[in-house]
Each structure stands twice: as structure tokens, then as C-alpha cells.
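Residue strings, one per chain:
4 protein chains.
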Amino acid sequence: MPVLRLIRERFAAERPLEDLRVAACLHVTAETACLARTLVAGGAEVGLCSANPLSTQDDVAAALAEDASIDVHAQHGEDLDSYMSHVTALVDSGPQITLDDGADLLTAIHAGGQDGSPGGDGATAGAGVSLIGGTEETTTGLLRLRRLDAEGGLRCPVLAVNEALAERTLNDRYGTGQSALDGILRAANLLLAGHTLVLLGYGFAGRGIAQRARGAGAAVIVCEVDPLRALEARMEGYEVMPSLDAAERGDLFVTVTGSRSVLRGEHFERMKDNAVLANAGHFDVEIDLLDLRALATGGVQPVLPLVDRYDLGDRRLNLLASGRVVNLAAGEGHPAAVMDVSFALQALAAEHLATHRDDLPPGVLDVPRAIDDEVARLKLAALDVQIDALTPDQLDYLEGWRPDAR
Amino acid sequence: MPVLRLIRERFAAERPLEDLRVAACLHVTAETACLARTLVAGGAEVGLCSANPLSTQDDVAAALAEDASIDVHAQHGEDLDSYMSHVTALVDSGPQITLDDGADLLTAIHAGGQDGSPGGDGATAGAGVSLIGGTEETTTGLLRLRRLDAEGGLRCPVLAVNEALAERTLNDRYGTGQSALDGILRAANLLLAGHTLVLLGYGFAGRGIAQRARGAGAAVIVCEVDPLRALEARMEGYEVMPSLDAAERGDLFVTVTGSRSVLRGEHFERMKDNAVLANAGHFDVEIDLLDLRALATGGVQPVLPLVDRYDLGDRRLNLLASGRVVNLAAGEGHPAAVMDVSFALQALAAEHLATHRDDLPPGVLDVPRAIDDEVARLKLAALDVQIDALTPDQLDYLEGWRPDAR
Amino acid sequence: MPVLRLIRERFAAERPLEDLRVAACLHVTAETACLARTLVAGGAEVGLCSANPLSTQDDVAAALAEDASIDVHAQHGEDLDSYMSHVTALVDSGPQITLDDGADLLTAIHAGGQDGSPGGDGATAGAGVSLIGGTEETTTGLLRLRRLDAEGGLRCPVLAVNEALAERTLNDRYGTGQSALDGILRAANLLLAGHTLVLLGYGFAGRGIAQRARGAGAAVIVCEVDPLRALEARMEGYEVMPSLDAAERGDLFVTVTGSRSVLRGEHFERMKDNAVLANAGHFDVEIDLLDLRALATGGVQPVLPLVDRYDLGDRRLNLLASGRVVNLAAGEGHPAAVMDVSFALQALAAEHLATHRDDLPPGVLDVPRAIDDEVARLKLAALDVQIDALTPDQLDYLEGWRPDAR
Amino acid sequence: MPVLRLIRERFAAERPLEDLRVAACLHVTAETACLARTLVAGGAEVGLCSANPLSTQDDVAAALAEDASIDVHAQHGEDLDSYMSHVTALVDSGPQITLDDGADLLTAIHAGGQDGSPGGDGATAGAGVSLIGGTEETTTGLLRLRRLDAEGGLRCPVLAVNEALAERTLNDRYGTGQSALDGILRAANLLLAGHTLVLLGYGFAGRGIAQRARGAGAAVIVCEVDPLRALEARMEGYEVMPSLDAAERGDLFVTVTGSRSVLRGEHFERMKDNAVLANAGHFDVEIDLLDLRALATGGVQPVLPLVDRYDLGDRRLNLLASGRVVNLAAGEGHPAAVMDVSFALQALAAEHLATHRDDLPPGVLDVPRAIDDEVARLKLAALDVQIDALTPDQLDYLEGWRPDAR
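Protein chains in written order, with my numbering: chain A, 1 to 406; chain B, 407 to 812; chain C, 813 to 1218; chain D, 1219 to 1624.
These aren't lab readings, by the way, just hints derived from the structure by calculation.
Don't take each hint at face value.
What the hints assert, rightly or not - One side only, chain C facing chain A, incomplete, derived with CB under 10 Å:
{"hint": "1", "residue": "L1004"}
{"hint": "2", "residue": "G1027"}
{"hint": "3", "residue": "D1063"}
{"hint": "4", "residue": "K1084"}
{"hint": "5", "residue": "G1145"}
{"hint": "6", "residue": "L1195"}
{"hint": "7", "residue": "D1196"}
Since we're looking at a predicted model, the values are computed, not measured.
All C-beta atoms, glycine included, are put in the ideal place defined by N, C-alpha and C.
Let's have the full structure, built from the sequences with the hints guiding it.
Next comes the structure, spelled out in C-alpha cells:
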């Protein structure tokens, strides 16, 4: 995590989070430990609970617990009650900044007394300093917070880390692009060369998947509902067509749309015998499993640990990882280099909340472009890449001619 | 121009510009003629003068002049006085909508009496209907208009056509990407394979150039001042480095930054003997010609119609097209398929001004995303590409879960 | 294995191996079972032993043993004595055609009495029909057989299956290209995008690796000793340089040369901290482990199941899979689609030996181009791809003008 | 021509052609002048006539004529009689080595007295030294010489320069690949991105065209009659299909097969309105012009200097450069970097003939692989690329294990 290390070094010198209480509800992993230590280096007291009991690494939790500035509430496999008590404990500690992965922490703070926590006071608790703000790194969490905001209930600023330009541009395209195909190869040991991959969804992650699949020799067909994205795919040389037409052509189908039932009965009925189905979207709703099971009159049979064969009578379809997000379910998720960028955004977002505590309005806010730039700058340094700066003469010129450029 | 043809058919049926006077100051070419006829089909009276005397095609002007609804003021090679009188004639006609390529028309209208035209009245002239608004399709023109606006002088809305997403995404990347390399090959008949292309500027056009050069077998080095763009280039697999380091490596240098003196003395002094220099940016300031001439102690010699050899004593550098934008100066500029998209944006922008004449505030405005989508949809139709629509079930789902998506 | 299935169907109809005894010393896997059944369908009696005790799948062996025409001598984890007795048993059965993976079978037959087997008679044993010939699918096996031939000892034709054009073109480039990177990602969960991959060896497999790595966003540097291959790499746009220079640049190093000590002490001493080393060549000699251990004054530590970290004091290097061939050691080897082509070549080579038993001279022979073409044709059919045939008019034309084309 | 320059420097030192008479019948251009001077540097007396009266550059001829060691017989636009007299003059001079571009020189020498030249003596003429051999760089010339050989008439060795590996690998793929698309863009100013290019013929040149077209954003469909090539195209991710199916899909068709009537009536009848047809093969027989004209019931109309529009009633097809080889007819042919490799092969082939004059049998011979390697080595040097050499340890290893590798 070289980007986070560079931030940590600066934080240690500048102490931007001095004496602030930061509560984080994240996956408790080695990468998260780096983030926690970075925050501590910046001067924060950190409370940590786990956003998912199954991803908690107990050895990491134990190691972090040895740090006097870090208060860990997490156990691998804990039950829901235990989980809720951990969230409550963090809420009770009166955090001033929250880092969320699903918004459980910040919504609990806002929910107030209903779950027995001081809640309502939470927003103003903590050594006399009120809640400054939070960060959120999932689409689902942002949805919850935006609804809360629409109802007038959100009382602090929240930075939408997973919508930051650096996150979208780098992690979705390069991280998910690689790890989705990696998961598919691990699950099914397919040869991509010579085969046709039908990609449903040409967003950032879709672009990454398409590019890598082509690089591996696959013929790529793109299906999209957004005309501008569809056109962009076509201008990149991919075939673009309606999904029902593509259903007849594909050897491998990959969904990554964020939508539901993108592949459904009418698609399954047109597919070739032995086609392979994988989902790289966040939720397992993109491949319609009800339709698939209903058509599988010949039953379902596991043929490899992560491959189920659905027998539709005249054809068999192979579903990877039960339709769950294939890069996590069949691979190892993002490489550390990707998490490094995400957590760097988190750390800088926390700093931004702290240093602009008096300027930021309540609501879900974009991560400032300057933070994207800073992360990019640090990532380049981590890759040992130098770049130019504008000369004074060029600054003059651009000032004169393009006062509003970009 | 199939996209424009589809718009023309709809305009003929819907007449969105009925009885409006539209004045256009554009390059008078066959493509512009299609645009003019599209506007007429929409019900407009069109006045046309030439944004550049050298690009005027007299036969096109003559053919257009036969249309009673089109008033042409343009002659190939006309002098400045003649040009100004043509602009003035259009201003005097009291246009309600203007289409500009450099903002001469709209600034003349705003300038009012100072040049003898009715000017000040222009904005309110024309059968009692005041000026509705304008479109502008160059960076330079937008700069002038934004300055006017900053000084409080802009009295109508202007749609920034050249900043539309469809324009940036499609034309800059694919159009300029192809035509810049095409111009270079025409001028210098280089073999790209095996050689190193140093690309200065990784904006939309730069991306297109990099991708095509790599596809042709060049090793591509990218120089950037923007860290996020630099990182993106690196994540695409290009080498990224400061331009002074790249200066020693390149066989071919291409500037496309929008800035000044991107290649200058200190670069020339490090270049390899026989390196080739080309500019794909709009203005001829990206390669510092003063520095280059100052270093050329051995003189300058034309070696091909569009290639000048600068003799620096210990090395010779080859400048293409005198440093002017190489896709226009050494090639034929954008293919018709590219102009089709640009002019479709112009036509729809004019319609938008007409139909929202009461809603739009004065100032330089973004082209609405709906117009980008519409152009993309028509372009896909022109390419005979069909795409999916969301199902009602998917709309429900996305409504519920992602009210704010995108 | 659709290609093999098409061959099996034809064999069942044509019976080209009627009453021939075929002995195969191969990996006893599900794919080999398909090959054995194809040979049986062609009329052969098949004897099978395992080329590698560790790759034997006992359930496959058991299932094959139920077929009266297949005689299996293989057990997972068998010791050397057991292995030799199995080879001897096959030799004693008097095979007329042999399929080898390392040449143990055919060399044993030629070795004759020295190991107690009937050997010397083997070549002429078997219901009065002498040994017809063999196939070999490893470089090592071919080496042994060519040496035998050079000494005048080879008494039958051997078809060099692993040098067939279809094998080289398809399996090395596309199969190894994909599976080597797949193995690396499984072992180390690296992000390729943004990093520099140094590829040592630009043969068929190297080309495939380079192309896929670039497609995944890596910057690729190629090192070669063959000038034509080096030039080809350069013309594809890769950077090409001596390995000592590349040593300073790489984040990931992949050897696939067939040579020894391609990465050695002088390279390790120049590498960046945290560089990753992987070998995709057949033998584990390409990365010099002795040198690496000698330099690792700080010790060696496993950091992941297939990653050892060598501490060189001022830098740490990460070795994947102990330097063994990474696509097998860290991945699952070739996808079935690749084995399908290899085994189709084996089956057609066996048929060729049978049908040309009177024409073929002793020695190591090229697989006839017609077999490559036939495999390509069947593979296209398996991929559901149709192609053109020459028209009679075109045949005339090509006959007249290019009698010797190709 | 840096490769040729390196050869020239060595030739000047080693004088491998000392006192030999070399006759060359080539295009008289600046590049050929470099070749002639290289031969002179090697010690030869050079006679030069033009292989094509239209390509003769009179200023080049004049400049060469000033060199006492070069005897030029060429004039731009000379008629057939004049041309034959020039060939005869060279034959009469008693050349010992010939360089041919169409075999006119060598066949004239072999034809003997029939055209009044000493002919029959030619082979033995020249200061008592008989004809040593020749080189030929066209397919057509090789055909003529192979026929001559088949009839038993060829009395000397001829090196088939245009079949050399370096020529095929580099010039066909990278040179023709680039220049064919370049010619198409110059003729028709098409946008490749978003359009479908149907490529007929996936040989070396075809591969280069496909790769570049994809790099420029085209969707590429490949048609082939050779199953292995077709399969390779498919494994690279291209769509592969019969040409009649592809006829309905293409926006742009490019033939490069070496065969006849590859696009013919049945294809034209299925094409889309406004499709573009170009030929990149040597002869103008690949697109069947008779069929095209027969179908053009609405006439033929030039729409651009190199574009003819054929009106088929319900559709219009655009033929580029009258179906002649588009990179020469609409572009400038190969860049100098490509000619450099071709002429380097010529020079080294001439040296090989001289130094092995006693070893080479009569007949059409392959250029030795060592010459390919040498050209590749020099080309790498010209590109300033260094590569590794095998270490003594590696030579040992490869000697031991792979005596016959490659």
C-alpha cells in the first residue's frame, strides 16, 4: 500500500486529525489495518468494527487491538446481535468522523435512541465536539444516505468516496476489469481466445472487462441501454447489439450493469449449449436465477466447485459462483494496488472533513477534484513515474486563453 | 451525413424553427450546406457567411444561393473588409439564433454600433423578436464569449457545442485520433511500427492518437501535466515520463495539449537526429518555432511539400506543416462521419434554443445531456446498430435502488 | 473436447486403427481418457500407463479399466519401480504404435533386453507385426529420440507432435499465453495495469503472454537473443532492450526461453524492491535459484502459498511457484480447449502412422501440414465458424500463376 | 536508409563485390540510388535500367550517372523499344550478378540471341567470368524463373528476396499493413472507428491490415480459405465467416489474397448501399471489375479523384483506385524504412552470391536465414535497440539439450 504509506508519512508530520475520534465500519483486513494506522498517524483516536462478520481477519483485529489509539470491536463470524452491539459501542463513543461501508454507522447515529444507543446525542457527543461528517464507499450506503437526506434527516456532510473520479477511473476499470476475468478463469478454466464474450453493461468496469477480454483473444459483443455508451463501445470496434440477439452468439456472458434480470428466461432459451454465465455486478440479481431454475427441467448439477450446470433439456448452461459477483466469489477481489487507491481516498476524505469542518453543508457531497488529483499524484510516485508541471509561461497562456478550461 | 438526414426528416415534419431567422458564420463547405438545409427544413430562414475565406467552396455557396430560404454571403479568398461586410450584413438581418465558429457573429451583435452595424439593436431586432441565443463550436469562441459574460455583457444563452459529451467522446477521440495520424503519414510517409511516438497531452484527442499509434506498432510515450490523466495513460500501459526525458527517446513527437511551447529549446537540444515534430492542437503555438529557428544554425530547408528540415548543427529536426494543426494542414480534416455528429449537435442545439426560448438564462451553457443521447441514438441508427431498452421491471428496480444513478 | 469428438465419430465409421495395438505413456487425466476412447473407436487396442505418477487421476484410470479394449497400468503416487514395471508391461504387450510424453516408452522398446524386458524383440513383437512408429509431444522426448537417431539407433518413424504448426500457433500462443498470466495472478494477485512486465523470450508462448499483458494494461519490455524475434517484438510496439537494463525497470519478470539462468545474480542485484519473478518455461532452470539463494542474505520467507520472499538486504524479491512452470504450478495448466487440439493432433498422427506404415522412413518427422489443416478445420467446426473454399476459377488462376505458392 | 548505410560502411571496408559487374533492373528512385551506391562501395561496377518507365526519377538517374562506377540506362516515360534496348545494353555488358524486379534481365540473359543480344554468351561473358547468379524481388518474377527452371533452362542460382523471412515478417505485415490503410484513407477520407472492415485474406499483409484497422476502432471480419489462417484470425478475436455472409456486413472491403475474383457479382449484390471496395493485393484482379460494371446499370461516376461510384440501381458501391493496389495507387507505397529492409536484403543477397559463387546450385533458392538475422540485427541497430547474446553457459545448455532447436 505505497500510496497510503506516503499519506501516513505526511499525516505523521502534519497531524490533520489531531484529537479527533474517527469511527470506521469496514472489512477488518490487513488493508484496513493500514488505513487505521494512517488515521492514527494523523492524530486520530480510531474505533473499528466490521462491516461483514465473514471478512473479519481475527489476527488483524488482535494486532490492531495492541495499539492504544485503536479500539477494535470485531470477531470473525459474529452473529447479528454481536454485530449490532459493536456498532452501538462505536456510536456510544461519540465519533466525530465516520467511515462507512454500507452506512450502518452513520444511519445508527442518526437513528438516535431507537436502538438504545445515545444516537440522537451522537451527533453532538464527543468532548463537546459535534459530528463533523462521514465517508461512504458503497452504492448501497449512498442510496440509504441520499434517502435520509431527501427526507430531511441527514445532519452532516458525507463524501461519496466510491463515486470519486480516481475510484471510477482506476479501480472500476482496471481493478474490476482484471479481477472479474481472473475470477472467471479460476472458476471455469476457459480459453478466452477464439470464443465470444457477451458483455452486458459498458460502464467503467465493463470497459475494463471488454478491453482485457479482447487482449486475450476473445471476440467481444457489447449490450447496452445507454445510447452514448453503446456508441462508444461501437467506436472502440466492438459489436453492439440487443441482448436477445447476442444470446445466440455468446460462449461466455458477463453482466455488469447494476440492473436486474439482465439475463433472463428469454435469453437462456436462445443460448448455445454449454454457454457460461457470470455476474460481475455488485448484487446477484443480474442473472435471473428464478427463470434459470424454472427452465432447468433436467436439474442442476455442480460440475466444479464454482460451476453449476443447469440442464434445460436441449441445452446445458453453466452458472459461475451462483451468480454472485465473480471477482469476489471466485477470485480474491481487488489486488492490494487497487485497495491502496480506495483507502487513500478515504484517508484524504477524512482529512478534508476535518479541515473544512466549518465550510461543508450537510448532504451527500462529491469528493473534491483536488483529492482525486492528490491520489493520482501519489499513485504516480508509488509507480516511480514523474510528470511535467506547467511552466510559468504556460500558466500565463492558459490563464489568458482558457480561464475556465476543463 | 446520415445523422443530419434523420434530423432533417424530423425537422421537416415538426418545423421546430418555423419562421425563425438563423444566422451562421461557419466554413462554407458541402457539410455546412447539409446543415443549412436541415435548418431550412425545420422552418428557418438561414443567413450564411464564411468563418474562413480560404475554406469557402464557391460552388457550394452558389448552389445554396439558389435556395430562396438561404441567404449566402461568402466568397473564396475574400479580404478582411469583405468578410466584415458579410458579417455585418448578417447582423443587420436581425437573426434570432446564431451559429458561430469563433464567435464573430455573436460578438458583433453584442458590440452594437461601434462597427457601424445596428448592433445594439441587433439583439432585439428582427420582426419584433429579440435574439434568442447562439451556439459556438470552438474553444476560442467560447473564451471570447465567457469573457464577455464575465464582464456582464452577454445578453443571451449560448450552447457550448464543442464541449458536448458526444463531441468530446466521439469526435475528439476517434475523429482527431485518426485524422492527426493520417495527416502525419501523408506529410512524411513514416513507418509507425518500430518507432517511438512521444505524445504530449493525453486529453480526448490524445487518447485517440495514442490508441491508434499503438495499433500501428508504435511504442508510445505520454507526457502530461495533469496527474489523473497521466495515471490513466500509465494504467493503459503507456510509458509516462517528463517531456525532457521523452525528448531523448522519440522518433516522432505529437503535441495536442492546448498549451504553449510544449516543445521548446531545451527539448530540441536533446532530440535524436532526424526526429519528426507535428502539432495536432488547434493553434500553432505548441511547438516553439522561435526556439526552433534560433537553434537552426545550419538553416531550414524544405525536403517535402509539408516537411521542413531544421539543421541544428549536430542534428536535424523535421517539422511538419510549419507546426500548424496537422490533420487540417496536411490531411483533409475530419471525415464526413465526424462532421455529421458535430452538425447534428448544432441543429439540435438550435432547436433547443428555439423550444426553450423562455427558460434559458443568459450565459455559456452546457449542451443538455438529452441532446448527446439523441445524437448517439441517431448515430447508432445510421450505423445500423440496435440496442436494448430497460424493461419496466428494470426501471422499477433502478428507480428503487438508484434514484440518483449516473 | 469437441475436436476429438469429431475425430472419434469419423474413426468409428472408418476404423483406421483396426486391430492395431497402441501403447500410450501420457498423463492419466479426463482429457487423456477421451483420447484413449477415440483410439479405441478407431479400432485400436490401447495400453495406457502414466507419464507422471502425480498427475494420475485414479478415478479416470478406474473408469477406463472397465473398457475391455483399454489396458490401464497407472496409480496415483506410484514409486519408480512401479512406474518402470508399468512401462515394461506395455513394452511386453508388443505395441505397434506408441504415444509418448517424454519418450520413455519408445526408448524402452529400443533399449531392448538391458532392463529385462523383451525390448529388442519389442520392435518386432506383436502378433507378427513389427513396430510401426510413434508420436512424441515434449521437447525433452524429442531430444532423446533425436540423439538416438543421431547414433543410428532409431528404427521407426516418430511424429513430432509438439512441433506441429497447429500446436505452436494455437496452443503455445493462446494456451500458454493465457494460462501463464492466469497462474501468476492466482499466485500473487497482482494488478497488471500500470506495472511493467519484463518478458524474457519472444517465441510463440512469449508472444501470447506479451499480447495479453498489454491487453491488461501492463507496459511490456521484451528481451531476446534472436535478432529477428527481437525486431518483431519492436515492430509490435514493445520496448526491446538487454535484460540487464530491463532488470532495473520491471515490476514483474516472466521467463519463457527454453534456456538456462536467464535471470541470474547480475539481474537480481539490479531489480527494484518487491519485484516478482515467474517462469513460464518448461524447466525450472530459467531463473537461477542458486544465485538467488546466495544473494538472499536476509533469508527466504513464504508470504503466500506460492510466493517466497527472498530478502537481499536492500531489496526483497518475490519468487512464484519456486521457479517452476507457473501455468501448471500455480494454475490449472491448459484449458480443455487447448488439450483438445493437442490430442486431436495425437489421434491424427497415430492414424497417419497406420495408413502410411509402408511409406515413412525411420527418424523424427514433421507432422504433415495436411494434419494441421485438418485439425484447424475441425476446430473451426467446433467453434461453429464456416469459411470459404476456392472457386474452380480461382484454383485455375492460382495453378497458372503460383504453381509453387506458399 | 540507415540499414543500407551500415552495410555500405562494411562493404567499403571489406569490398566483397570487388571487380564484379552487377546489373540491376529496378525502379530508378532515390532508394535505389542508395542501393546502387552500396554495391559500388562493395567494389562492383553497376549497370542500372528501369523496371518501370513511369517510376523513373530523371534527377536520380542524372545524379547516379555522375558516378563513374554506375552506368544508367533509364528515362522517365520511355517507350517499350527504348526499354528493351536498355535491358539489352545491360545484358551486353556481361553482368555477373543481376538484381531483378520482374525477371526481365535474367530471362533476357537466358533467352540468348533471339533479341540480338549476345545472350547465350551472356551467361559466360564478362572478363572471362561466367554469370554468378541473381536476385528477384517480385512474385511474378519468381514465377517466371521457376517455370524456366522447371523446363530445365535456369543456369544459375537466384535468391528469392521477396520470400525472405525478414521481408515477409516485417515488410508485408508492417509496411503493407500501414500503407494499405493509409492509401484507403487518402482516397476516401473514411472514419474507421465504428465501421466494419471486411478483410479478405489473412496472410502477412492481411494480418497487418487487420491489426491496424482494429487499433483504429474498426470492427474487423476476416474471410479466408486456409483453415489454419482462418483459425488464427479467430483466435486473435476477429469474426471469421464466409465472404458471402460478410458481404452483407461490411462498410469497407479490402482484398489481399493473391487470388482472382475474390469479390464478385454475388458479393456485390449483397452489399450495403455506399460500401467501399479496395484492393491491397498486387494485381487488380481481386475485385471482379467485369462483374461490377455489368451490375452497374445506373452507370459509373467519379466522385473523388480516386473513387468511382458504381450505381447498381438499389445501391451504390464505391471502388477505390480502379481496384489497383491501393497502397501504391492511392498512397506513396512503402515508407523508406521498409525499402531499407528490402534493399538491405538485396545487397546481402548479392554479397552471398559473390562469396558462395562456387557452392550454390542453379535454381530458385531461399535467402539464407543468416541474412535475415543480419538484416534484423542491423535494423535493430538503426532503431538504436540493443539485445542480449547467449552466455557461454547458455550455449552449453542449449547445445546439450536442444542440438536441433528451431
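Here is what the structure says about each hint:
1. L1004: 6 Å, holds
2. G1027: 1 Å, holds
3. D1063: Where the cut-off is 10 Å and the nearest Cβ of chain A is about 8 Å from C/D1063, the hint holds.
4. K1084: 8 Å, holds
5. G1145: 8 Å, holds
6. L1195: 6 Å, holds
7. D1196: 8 Å, holds
When the structure is compared with the earlier hints, no violation turns up for any of them.
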